[in-house]
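Here's the letter readout for the chains.
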Amino acid sequence: MADFIVYATVLGSIVFFGGAAILAMAWSFRNGQFENFHKSSRSIFDADEPVGRVTDRFPDAPRSHGTKNSSSEASHRS
Amino acid sequence: MAASTVVNGLTSPNVSNADAGALAEEQCRAAKERAAIDSASRLPALAWLAGATFWLLWASFFGLVTSIKMHIPWFDVRVIMELGIISTLLSVPLMVLIARSKNLSLDAKIGFCTFAFVAAAALWLVLRTWVFDIRWSEHGGAWQTFGRTRMTHLSLIGYGWGTQAGIAGILWLVPRLSRTPLIYPNALIAAAAIWNVGIFAGVIGILAGLGTSVEWLDFPPFVPPFLIVSLAIVAAWGIVTFTRRQESHVYVTLWYCFGAMFWMPWLYTVAVIINIYSPATGVVQSACNWWFAHNVLGLWLTPIGVGAAYYIIPKVIGRPVYSYYLSIIGFWSLALFYSWAGMHHLIGGPIPPWMVSASTVGSMMMFIPVIAVGVNHHMTMLGHMGQLRYSPSLRFVVFGAITYTAVSAQGAIEALREFSEVAHFTNYTVGHAHLGAYGFFTMIMFGVFYYMVPRLTGQEWASSRLIRLHFWLCSVGIVIYFTSLSISGWFEGRQMNNPDYPFIQKMSNELPWLICRSIGGAMMSLGHVAWAILFVLNICGVGSRREGPTFFREKTSAEVEAELNGSTATPAEVALASR
Ligand code: HEM
Ligand code: HEM
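Chains as they are written, first to last, in the numbering used here: chain A, 1 to 78; chain V, 1 to 579.
Hint data in this document are derived by calculation from the structure and do not stem from the laboratory.
Keep in mind that a hint or two might mislead.
To give a feel for the contact side, a few chain A residues facing chain V, derived at Cβ under 7 angstroms [unchecked claim]:
#1 ASP46
#2 ALA47
#3 ASP48
Simulated DEER-style distance windows between Cβ atoms [as the list claims (entries may be wrong)]:
#4 V:SER213 / A:GLY19: 44 to 50 angstroms
#5 A:PRO59 / V:TRP354: 52 to 58 angstroms
#6 V:ASN498 / A:MET25: 47 to 53 angstroms
Ideal Cβ placement from N, Cα and C applies to all residues, glycine included.
From just these sequences and the hints, can you work out the full model?
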């Protein structure tokens, strides 16, 4: 009996996880998640923290380091 | 494109008047939106993080005790506890005086307080040894034997620190990336409370001898219901948040976070049923055990760590990931291959060889996501390595990201039968375990928190020096830990495989390396104390505020720019002036 439960759960898990992964992938295709990688990679930036803006520094670091490279890198696309 | 024009707008003269105004407005809106989202995450994320930090200290304590017992078997934990309590009592009055003083800098205060504590401890050691001549009547008790302290360490690492740190990170990352404020904060705080009650009961249970001895599921049977309820709340929250997201692009970090939140509750529940409540019998149980223990690393801790790095690195240096395509490949191949690999923990064990072979293949396939992630992070950082000097979060996260590649390459090799013949059953595995769970996951989580906490509390970190101390203690500590155990483990394995080699000789060969491990571990533990101090100071509002007069709003970058130029103009003025 215990063995039956084990096999049932393990097989069930495989079907469940595998099925979920396939459904998720199918959803992403239909939803266009695989279409515009350029835009997706930029979705974490906004007008206030644009590409080129360095956003972290030690609390007592001289201010200039925080934004040192900003203008030179704004034009730098990768 | 809009993003780069903003920056150029501040410096280049040929942006039109109206454009500059609109940009400044958009900039304000973006800053406000982000601040509103962060402020909604504040209490739940900090609640989980507070629990994580608390148990991190206890986990380190039990790890250290376990480690010391391997080379000083008669070591009695009660001495440390007594030392801790009495030196605290002796030094607290002094600390209050120091903290009240008006003309000391914060760094000096922290330094003097530490000194007061150490001096009190030294004083008590002298008194108890030579003046009062105190002896313990017996050495320790069953609760502080290796078996129980190790179980406590591992459970606290996995559930007290690792899981809670991961959830704290998720509760901040997911709303930010979905661009929707966190909902149901009270349910999430209640989940944190339930979780911590469970952990507390579990630790007491293990120390009382009720542990199950199923690795990674050591908590006594009355604990899992707490954890399952709590995980279910978090997962339900995740699903609702996904449907409410405002950002149409599902950024790669979100994939990892949602994947983790989806896998973990199911994994844990099933694992508890088939290992604890209705245990599979015999060999099948070990397979079930390692199916879970492996996936809890690979489908829970690893995605959170890797996903967080995919957010923090680009965000800190202000540059999109090198190849978004590679990052997506990395996610899907992890999702497809990782769960096969569990049986590589049982190489040479009495399970059907085809299971092991399948896992070895799965482990090799893991080179795909690992190389994808490694190359991607490296190429993103290229040309920005200089930022490592200025950004605490970046330092921790990059350390962790590099370690991820290293530990995974090492792991894939460990999954080969010939290699495992030597390395399995030795300290080599423990070295790998810490390189992964510590050098990779824990270091990345520290980096995330250095970025996250100030944005949640609106409070800068109190002391750069303490952050640096934290980083160096932990990074040097883990290097010492890993190197000594890897060397020791390898020779140990070779000597154990040689029937002519005297076992006792092999044991004594290990001693110096075990002492090194205790030294490395002590450094890591001290680093965690530094982190806990920083966290508590931040929560208590010591240090400078992050922003100007408006409550809880981040500076817009135009304001930062204005400060740099020494003026206090508003964003709109800056934008106008830059015409
Ligand atoms: C694809 C990459 C990886 C592979 C192929 C891999 C492979 C392995 C193998 C074969 C073992 C068993 C060694 C033995 O018992 O002889 C092991 C143990 C372990 N690995 Fe990994 N590893 C990988 C990545 C990681 C990562 C990223 C972490 C951290 C989150 C990690 C944490 C651990 C831990 C904690 C153990 C010890 C488990 C225990 O005995 O309690 N590994 N790994
Ligand atoms: C957040 C930090 C830490 C993490 C994530 C962590 C993680 C782990 C893991 C996953 C294991 C199981 C290893 C295995 O079964 O192969 C373990 C065992 C152990 N850890 Fe830690 N650990 C941490 C900190 C420490 C510290 C500071 C020490 C102090 C020396 C320490 C000492 C030990 C010892 C002695 C064991 C038992 C090894 C054995 O069974 O032979 N750990 N830890």
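Taking the hints in turn, this is what the structure says about them:
1. ASP46: This interface hint holds because 4 angstroms falls under the 7 angstroms limit.
2. ALA47: holds (4 angstroms)
3. ASP48: It holds, given that the least Cβ distance between ASP48 (chain A) and chain V is near 4 angstroms, below 7 angstroms.
4. V:SER213 / A:GLY19: 44 to 50 angstroms: violated (34 angstroms)
5. A:PRO59 / V:TRP354: 52 to 58 angstroms: 56 angstroms Cβ-Cβ, so the 52 to 58 angstroms window holds.
6. V:ASN498 / A:MET25: 47 to 53 angstroms: holds (50 angstroms)
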